[in-house]
Amino acid sequence: MSEQAEVTLGRGGMPSGLGNRLLRHLWGVLGPFIGLLVVIGFFALIAGDARGAFLSLFNFKTVLTQVVIVALGALGMTLVIVSGGIDLSVGSTVAFCSVVVAWVLLQVPSPALAMVAGVAVGTLIGFINGSLITGLRMVPFIVTLGMLGMARGGAKWLAKSQKINGPIDCWLYEFMVKEPDGWGGVAPGVWMVLVLAIVVALLLTRTVFGRHVVAIGSNEATARLCGVRVLRVKVLIYTICGFFTGLAGTMQFARLTVGDPTVAVGLELDIIAAVVIGGGSLSGGVGSILGSLIGALIMAFLRNGCQQVGWPNYLQEIIIGAIIVVAVAVDQFRQRRGEVA
Amino acid sequence: MSEQAEVTLGRGGMPSGLGNRLLRHLWGVLGPFIGLLVVIGFFALIAGDARGAFLSLFNFKTVLTQVVIVALGALGMTLVIVSGGIDLSVGSTVAFCSVVVAWVLLQVPSPALAMVAGVAVGTLIGFINGSLITGLRMVPFIVTLGMLGMARGGAKWLAKSQKINGPIDCWLYEFMVKEPDGWGGVAPGVWMVLVLAIVVALLLTRTVFGRHVVAIGSNEATARLCGVRVLRVKVLIYTICGFFTGLAGTMQFARLTVGDPTVAVGLELDIIAAVVIGGGSLSGGVGSILGSLIGALIMAFLRNGCQQVGWPNYLQEIIIGAIIVVAVAVDQFRQRRGEVA
Amino acid sequence: MNSAGVGMEQMEQTTPSPIGGEQAAILQMRGVRKAFGPTVALGGVDLEVARGEVHALIGENGAGKSTLMKILSGALQPDAGEIVLDGQPFRPRNPLEGRTGGIAMIYQELTLAPHLSVEENVMLGNERHRGGWVRRSEQRALVRAALRELDHDQLDPTMPVGRLGVGGQQVVEIARALVGRARVIVMDEPTSCLGRADTERLFQVIARLRRAGVSIIYISHFLEEVQAVGDRFTVLRDGKTVDHGVVAGTPLLRMVQSMVGRQLDEMFPRVPHQRGGVVLELEGLAGERLPRHVSLKLHKGEVLGIAGLIGAGRTEMLRTLFGLDPIRAGRVTAAAFSSSERRSPAEQLKAGIGLLSEDRKEEGLAVTMSIADNVALSDFSPYVRRGLVHAPSQERGVARWLRAMDVKAQNPWQPVAALSGGNQQKVALCRLLHHDVDVFLLDEPTRGIDVGSKVEIYRQIGEVAAQGKAVLFVSSYLPELFGVCDRIGVMCRGELREVREVQDWDETSIMTVATGQEKRS
Amino acid sequence: SGKEGGIAVIPKGTTHSFWKSIHAGALKAADELGVEIIWMGPLKEDDRASQITVVETFVSRGVDGIVLAPLDEKALVRPVEEAAKRNIPTVIIDSDLQSDQHVSFVATDNYKGGTIAAEHLGTLMEGEGKILAIRYQEGSASTQQREAGFLDTMRERFPQIEILVSDQYAGATTETAYQLAESLFNRFGQEMDGLFCPNESSTFGFLQALKAQKLDRKVTFVGFDASEPLLDAMESGIIQGLVAQNPFHMGYLGVKTMVAHLRGEPVEKRVDTGVLLVTPENLNDPAIQDVIRPDLAQWLDE
Ligand SMILES: Nc1ncnc2c1ncn2[C@@H]1O[C@H](COP(=O)(O)OP(=O)(O)OP(=O)(O)O)[C@@H](O)[C@H]1O
Ligand SMILES: Nc1ncnc2c1ncn2[C@@H]1O[C@H](COP(=O)(O)OP(=O)(O)OP(=O)(O)O)[C@@H](O)[C@H]1O
Ligand SMILES: [Mg+2]
Ligand SMILES: [Mg+2]
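Listed in order, the protein sequences are those of chains A, B, C and D.
So in my numbering, spot 183 of the first sequence is number 183, and the numbers just go up one at a time.
So in my numbering, spot 176 of the second sequence is number 176, and the numbers just go up one at a time.
So in my numbering, spot 382 of the third sequence is number 382, and the numbers just go up one at a time.
So in my numbering, spot 25 of the fourth sequence is number 25, and the numbers just go up one at a time.
Possibly wrong hints are sitting among the right ones.
Claimed, not checked - Beyond 12 Å from chain A on every Cβ pair, some chain D residues (computed):
#, residue
1, Asp109
2, Tyr111
3, His120
4, Ala212
5, Pro229
6, Glu281
To be verified - Coverage of chain C stretches by chain A, computed from C-beta distances (three or more under 8 Å per stretch; other residues unrestricted):
#, region
7, 107–118
8, 131–138
Please keep in mind that the hints were generated in silico from the structure rather than gathered at the bench.
Small disclaimer: the values here were computed from a predicted structure and weren't measured.
No residue lacks a Cβ here, since even glycine has one placed at the ideal position from N, Cα and C.
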C-alpha cells in the first residue's frame, strides 16, 4: 500500500537526493548574485584605464544611490508580479508624486508634510488601480495603462506643465546625498531601501498575506475557492505598490531637488525588467525581493559601466535589451534543468 | 434517441427567441462603432465655433491619415494578442525601419528598394521575436521588451544618433499626402490599410491559420495536442506582426520625410490600447480586426478633438487614459451582460 | 466477467420516509434555482442531509450536481431558494463564508496553486497564524496528520504541488478538506483520479468522519461506490430532484433509471468486430522517466485495454507514443511510419493516430472557443473552400457527432466552457471521431461521464472497431475494461507486464499483476 | 485678421521654463495687438510625429496663422507647406526649417551662442586644461548648432585645451543628464577643469551632480539658458557663465511678425532675437535682469 503510494507520489523530487537538493538551493540563492558579479567583472575587465574609477568605492556608492528609485519601485512591483499582475503606471506616478512633494513645499515649508503627501498620493493612486482592477474586473495591464496617462497628465496639470523648484535647503535632499556625514557614508535612501526590502521580503514569505499573494498569482480561482479574500488582497497589493511608488517619487524629488512632471518616462519598464531579471515570472506565482533588487543592480551597473567605458548610448540600449533576454533565458534554462535534475 | 438529442440540443435556446439573438448579434457588430460615434458626437457637441472645422471632410481626412501608422501596427498586434502574446517592440521597430528606409535612400535613389528594405527589416525583427519566443520558450513580454531596447539602439546606431533626411522628392511621401489628386482624394496609405485590414480579417476569421491562432490563444497545450504546429504558427504570427510594423515604419518615414531614430516612443502602448479598446483580450483567444481599427480611430479622434477644442496637453493625457479604462470596462460589462442575456 | 447487461424493470416511486428524530437534518436546501443565461442548470432542487450521514448525490452529466454544491459552498449565488444549515438560514456570498459556515468542498476540477507547497496548499485560506505571521510548525503538524490519515505520510509537505501527479494532487485536495473543522464535507467526484487503494483508504476516512458526526455529500458516477459508502441518496435530473431514498435496499437499477429517465438495456453494448492486421507496434518504448519498457502490438478492429494503478505510467506511455513527451529508447512502428524519434502530434495525426488526454481542461479543450471549433480543431480540411473555412458546412459536419455523442448544448457555436464536465469530455471525444483517426489512444475517456453516456461511448468504441479501426483504451475502471475490450494489458511501474485475451483475466489476476506481486509469489 | 481663428503658437514642448517665457512673450504681443493665441505643444515632449499632428490639427481647424518652433528642420516642412496651400501662413521661431514657405524665421543665433560659451570658458581657463563638452540629444538642431559653435571655437581659439568627452548625450530629462554626469565625474572628476552643457536640462543635471560630488568649486562651468536654479548656482559661484537666449522676446517677436504679415505689412525674412552672456559680474545689471527674469506672471495668469 505505502509502497504503491511511493510510486504514485514520489514523482521527480525524490530520486535526486538530498545533496542535490542542497546544491540546487544554493544555486537558487547565489544564482542571481552570479549575474551581478559577471556584469561587474566584465566591465572591470574591459574598462582599461577607467577600471580604477569603475571599481572605486565612490562609484559603488553612486550606483547604489542611483538604484534607490528603481529598487523602491521593484519592491512593490515584485508583489504585483508575484500576484500575476502588472503595473504600468509606476513611471507616471513617480513623476506625479515628485511634483506633489514640490508643490506642497511651495505652500507650506514642511518637508515632513510634503513627504507624507507624496507617499499618500502614490498610495492613493495604487488604491485606485487596485479598486478598478477588482471592481471592474479588468486586466491590470489596461487599468494601469490608463493610469499611466492620467497620472502623467495630473502631474503636468499640478505643475502647470513646468518644473516646480524645491526650496534651497530641505532635509529631504539628504536622503540622496551620496556621501553623507554619518550613516556609514552611504546615502540614507539606500538604508531605507534595505530596511524596507527586509520588511517586504518577510511580508512575502512569512505572513498569511504573502501566501495569499503567491496563491493568487499561482491560481486565482483556487485562491478564491479556498476562501482567500482575493479582491481585498489584490487591492492591498496595488496599494502597497502605490505606497512604494509614492516613496520613489519622493526620492526622485530629493534627487533632483525639483518636482519634474516629465521625469521617469518608461521607468516602469526598467522596474519590470529588474523584477524579471531577478527571477520573477510575469505569469505569476514566482518572484523574490532579493532577486528583484539584484536585477535592479544589474541594470544600474550595466548603465554605469557602459558610460564609464565611454560606449555610445545606442550601444547601451542594445546591450541592456540583449541582457534582459539573455538573463531571463538563462534563468529559464536553469529552472528547467532544476526540474529535470 | 434522436428525439432526446433534439431536446438536449435545443435546450434553453428556445425561450430567448430569435429576435433577442438578432439584437445581440447587431449589438456585437455595432457596439464598437457606437463608442466611436459617441466620441465624435461628444466633441461635435462641445466644440462651439470649432464644430464646423471638426466635422469637416478635411479634418476627417486628416485623422484618417494620422491613424495609418497605428492602424498598421494594430493589424499585426491583433494577431499577436489573439494568440495570447504581446509585442512591446513595435515602437522601436517602427523607428528602426523608418531609419532603414532613409538610409537606403541615401545609398541608392530607389524608393521601391527602400520600401522593400524597410518592410524586410521589420519582418526580420518580427521573425527574430517569434524565434526567440518559441526557441527559448520565453514569454513574449520579455523577448519583445529586450527587442524594444535593441531595435531602438539599432536605429540610433544606423542613423549615427542623428536623423537621416530623405531626398527632396520621393514617391513614398505620396502615401501620406492628405488630399492627393486622384485616389478619391484620400491618402493612398489609408486605402492600403483598408485593403490589408480586409485581408487580415479574412485570415483571422476564415482560414485554418486563423483558427489555429485563436486556438493557441485559448489553450496552447490543447492546440499542440490537436496537431496545430504551435511553434511554426507562433513564429508566423510574430513575423506577420513584424511585416506590418515594417510597413508602419515605412509610412512613418513617408510622413516625416526623415528617418528618425527617436520617433514612436511608446507607440506600442497606443497600439495595444487600440486593440484592447476594440475588444481584444490580453489573455488571448479574443479580438477582431474591425474592433482594433475602430479602437485606433477612437484614440485618434479623441486626440484630434481635444486639440481642436484647444484643451491643454495634460487634459488630453488624462482623458485618453480615462477613456482606455472606460472603453474596456464598458466592453467587459457588455460581454458579461451578453452572456447572461 | 463479460458485458454485464443490466436489465431494468419498471419500478414504482416509493416516497422515502422523512428523517427520524434522532437523525436531525443538518442541511436543507429548498427550491434552489440557478440559470446561466438561457441554460437552466437548477430548476428548483431540494436536498436534505442528516447529521453524520453520507449522502450520495447522483445524476447524469449536466444534471446540476456541481452547480448545486457550488451554491452550497458559496462559489456561486443561487437565483432563488433557501438553505438551512443547522437550523439557521445560510446564504454564503463567497467561498470564505461557506468555509467559515462549516462547509468544506473538494471540487470536481482540481483547485490547487501549483507554485505553493503541499503544506501551503492544504492550509490555503485557513492558515494558522499569530498576528498575520504564519506558524509554520503548527501548520506542518496539522498537514502531516492529515496526510497520515490518508496513508500518504511520505509526501513531503514542502514539495511544490505542481510537481505532483494528478493522483497526488487529489490527495492534497482531500487533505485540505480534512484540516478544517467542517460540519459538512462535499466531495465532487473525489475518486475520479484515485487508485483503488487510495479509494478504499478514502472510504475508511469517510467512515471515521461520519462517526465523528460530520456529514458528507458524496458525488460520483460510480454507483458501486455509492452503494459502498452512502447512507441515503438523492437523484438529480435536468436540474430537478427526481428521487431520493435510503441506499441500503435500493437496487442499483432504480438509481440508474431515475438518473437516466429511461431504461438502459445493456451497460456494455457489443458491436461485433473482426481483428485484422497490426497497425501499431511498440518495441521497448521508454520515455524520460516513464514508461520504462512497453512492447505491444495493436491490431485493426481491436480494442486493447490497459489496466494498472495510478502512476503506473499509462498516461506517459500514450504521451510518449503520441510525441508529446520525448522517447528515450525503443521504437514506434505504425502503418504510416517507423520511428524511434519523437514525432510531433501533428505528424501523428496525419498518420491517423489521435489521443484523448486525461486532463481535458489543460490539454484537451480550448474552453473559450466554440464547440464546433473544438471538434474540428485538428481537421478543418473538409470545410475549406478556396482557402477559407465554410462555417455552415462545418456546423453540419460537427453536429452529426454532437448528436451521436448526445452532447447537451444549445448550439454548436456555444463556448465549451459553458458545458458541464461530462459534456466537455464528450466534446473532446467528438474531436477524435470527427477527425476519423485509425488509431484511438483513449486515456480515461469515461472519467466523469454518467452511466447513460458511458453506454454511448462504449457503443461508439465498438462501432469504431467494427469499422476496422484500432483502440488503445486506458482506464482505471476495471468493469468497463472487461465490458469493452478484446484484450487487456496490465502496466506496473512503467512496464507493460502482460497482455492476455479478456476472458483469461479476472479482477484478482489483474490486481496481482498491477501491484507487482506476481513476481514475488 | 479676424479674432475667430486666432494664431496658433506651437512650441517643441511645454515643460521647460524656456517655453514658458515664449508663451508669456506671445501673450504680451497678443495683448498689445488685440489678437487671440492658442498655445499647444506636442502631446509627447520632443516628438516630431506628435508635433506634426498638432500642426495638422490647427490647419484643419483653420487658424489665421501658425507660429511654430519646429522639432525638425525637414519633417515639419510638409505640414507647413500644406498650411500655406490652405492660406495659413507660418512664422518659424527658435530653430530653422528647410523651406521657403514660411513667412519669417525669428530666433537666436545658436551657433553664435556656442561660440560665446567657448570663448568665455577658454578665457576663464586661460587657454589650458581639460574639459567635458556634453551634448543634449540626438537630432536636435538648435543644440547641435550650439555644440558645433562651441567645439569649433574651442579647437580653433584654444588648441591647448583638451576635450576629454565630446560625444555623450545627456538625454531629454534632468534625470538622464544627472546619471550621465555621475558616471562621467566618477571617471574624469579628478582631471577635468572645465565643463560645457548645451541646454537647460543638461546644465541642471550636471549642476546637481557637481554639487553631489563636491566638485563644485574646482570646475569652471559654462551652461546654457538662465532658469532660476541655474541663476542661484551662479550666485553661489558654481556656474561661471550662462549663455542666455531671450525667449520672451522670441515669443513676442514671433507673434508680432505674424500679425504684421497678416495685416499686409512687410516683414523681415530673418529676425535675430539675440544672445547674451550672463556672468556673476553682470548678473545684477537691470538689462540682464530684464532678459533672465522677465515678468512672466503678468502674462501667464498664475
Ligand atoms: N459557467 C457556466 N456557464 C453556463 N452554463 C453552465 C456553467 N456551469 C454549468 N453550466 C450548465 O449547468 C448545467 C449543470 O452543470 P453541472 O456542472 O452542475 O453538472 P454536473 O451535474 O456536475 O455534471 P457532471 O456530472 O458532468 O459534472 C449544465 O447544463 C451546464 O451546461
Ligand atoms: N512532474 C510532472 N510534471 C508535469 N506533469 C506531470 C508530472 N508528473 C505527472 N505529470 C502528469 O500528470 C498526469 C497524470 O499523473 P497520474 O498520477 O495520473 O499518473 P499516470 O502515470 O498518468 O497514471 P496512469 O498510469 O494511471 O495513467 C500525466 O498527464 C502526467 O504527465
Ligand atoms: Mg460536476
Ligand atoms: Mg493517467
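Are all beta-carbon distances from His120/D to chain A longer than 12 Å?
holds (25 Å)
Beyond 12 Å from every chain A Cβ: check whether that's true for Pro229/D.
violated (6 Å)
Minimum Cβ separation between Ala212/D and chain A greater than 12 Å?
violated (6 Å)
Closer than 8 Å, Cβ to Cβ, for at least three residues: run that test on the region 131–138 of chain C against chain A and report holds or violated.
Since three or more residues must qualify, the claim that chain A covers the region 131–138 of chain C holds, with 3 doing so at under 8 Å.
Separation of Asp109/D from chain A, once the least beta-carbon distance is taken, above 12 Å
Its Cβ never comes within 12 Å of chain A, the nearest being 26 Å, so this holds.
12 Å cut-off, C-beta based - Glu281/D kept clear of every residue in chain A:
holds (22 Å)
Outside-interface status for Tyr111/D - nearest CB in chain A farther than 12 Å
holds (24 Å)
Go check the region 107–118 of chain C versus chain A for me, would you? Three or more residues, Cβ under 8 Å, otherwise it fails.
holds (count 7)
Checked against the numbered hints given earlier, the structure breaks hints 4 and 5 and satisfies all the rest.
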